[in-house]
Amino acid sequence: DTGVSQNPRHKITKRGQNVTFRCDPISEHNRLYWYRQTLGQGPEFLTYFQNEAQLEKSRLLSDRFSAERPKGSFSTLEIQRTEQGDSAMYLCASSLVVVYNEQFFGPGTRLTVL
Amino acid sequence: ELKVEQNPLFLSMQEGKNYTIYCNYSTTSDRLYWYRQDPGKSLESLFVLLSNGAVKQEGRLMASLDTKARLSTLHITAAVHDLSATYFCAVVILSSGGGADGLTFGKGTHLIIQP
Numbered sequence: 001d002t003g004v005s006q007n008p009r010h011k012i013t014k015r016g017q018n019v020t021f022r023c024d025p026i027s028e029h030n031r032l033y034w035y036r037q038t039l040g041q042g043p044e045f046l047t048y049f050q051n052e053a054q055l056e057k058s059r060l061l062s063d064r065f066s067a068e069r070p071k072g073s074f075s076t077l078e079i080q081r082t083e084q085g086d087s088a089m090y091l092c093a094s095s096l097v098v099v100y101n102e103q104f105f106g107p108g109t110r111l112t113v114l
Numbered sequence: 001e002l003k004v005e006q007n008p009l010f011l012s013m014q015e016g017k018n019y020t021i022y023c024n025y026s027t028t029s030d031r032l033y034w035y036r037q038d039p040g041k042s043l044e045s046l047f048v049l050l051s052n053g054a055v056k057q058e059g060r061l062m063a064s065l066d067t068k069a070r071l072s073t074l075h076i077t078a079a080v081h082d083l084s085a086t087y088f089c090a091v092v093i094l095s096s097g098g099g100a101d102g103l104t105f106g107k108g109t110h111l112i113i114q115p
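Line by line, the protein sequences are chains P and D.
Taking this note's numbering, I'd label the letters of the first sequence as residues 1 to 114.
Taking this note's numbering, I'd label the letters of the second sequence as residues 1 to 115.
The set of hints was computed from the structure by calculation and includes no laboratory data.
Some clues are possibly wrong.
Claimed, not checked - Derived EDC-like pairs (lysine to aspartate or glutamate); straight-line CA-CA distance at most 16 Å: (1) D/107 <-> P/44; (2) P/57 <-> D/101; (3) P/57 <-> D/30; (4) D/41 <-> D/82; (5) P/11 <-> P/78; (6) P/71 <-> P/102; (7) P/11 <-> P/28; (8) D/68 <-> D/101; (9) D/56 <-> D/66; (10) D/56 <-> P/52; (11) D/3 <-> P/44.
Keep in mind the model is a prediction, meaning the values are calculated, not measured.
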């Protein structure tokens, strides 16, 4: 296992379209996180899962955003009716709930909404 | 609301010099992390600091944590060009179940090390 993977790496879409991103965590990790990063800023937490249960959602996660982790393995993040303000890097991270709970990040999906 | 502030936000320094990046956070936290990000890349974990007085070192980087002051420092010794990157600190508050919720990041310190 080489780490957290995300697909696609880049996505260009028109305003109003729906997009879906996928994250595959490190295989034995039971926690999966989604973050959003805009240019020049630190990542902002969106939501996380423990196994298949979604345990927390940030208020940044509007009703247009939905995330799933149906079998406790990979996760998807869907954005409906995209807006130009959704343009950002979407990062996924995974961790194992042990002492450190260190989060390992994937390469990200860069979304551009035209 | 947990807030994390880093300073400086931008630092240009010469190779061979020493410098310190500071990370302040607003409320009691359980853990502090340092990450490195190269342009266009994802985040690489550098250090996890778990308790007051914790100090960790890796090569030319050393991180420390003072939970009473709510302050962490990342010290760079004899900087080299390869350390040029953006450095983020991040703080977490543990949930009641013992797991960690999402990280709260600072804005990052953009470090340029010139030959």
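Evaluated hints:
Between residue 107 of chain D and residue 44 of chain P the alpha-carbon distance is near 10 Å, which keeps this suggested pair within the 16 Å criterion. Straight-line distance between C-alpha atoms of residue 57 of chain P and residue 101 of chain D comes to about 10 Å, which keeps the hinted pair within the 16 Å bound. For a cut-off of 16 Å, the pair hint linking residue 57 of chain P to residue 30 of chain D is broken: about 20 Å separates their Cα positions. For the given pair, residue 41 of chain D sits about 15 Å from residue 82 of chain D by alpha-carbon distance, which is consistent with the 16 Å threshold.
A distance of roughly 12 Å separates the Cα atoms of residue 11 of chain P and residue 78 of chain P; the hinted pair therefore holds under the 16 Å criterion. For a cut-off of 16 Å, the pair hint linking residue 71 of chain P to residue 102 of chain P is broken: about 22 Å separates their Cα positions. The hinted pair formed by residue 11 of chain P and residue 28 of chain P fails the criterion: a straight-line CA distance of about 28 Å is larger than 16 Å. In summary, the hint linking residue 68 of chain D to residue 101 of chain D is not supported, as the alpha carbons are separated by about 22 Å, beyond the 16 Å threshold.
Using a Cα cut-off of 16 Å, the hinted pair residue 56 of chain D and residue 66 of chain D holds, with the two alpha carbons roughly 13 Å apart. At most 16 Å may separate the alpha-carbon atoms for a hinted pair to count; residue 56 of chain D and residue 52 of chain P exceed this at roughly 34 Å. Of the supplied pair hints, the one linking residue 3 of chain D and residue 44 of chain P holds, its CA atoms being roughly 12 Å apart against a limit of 16 Å.
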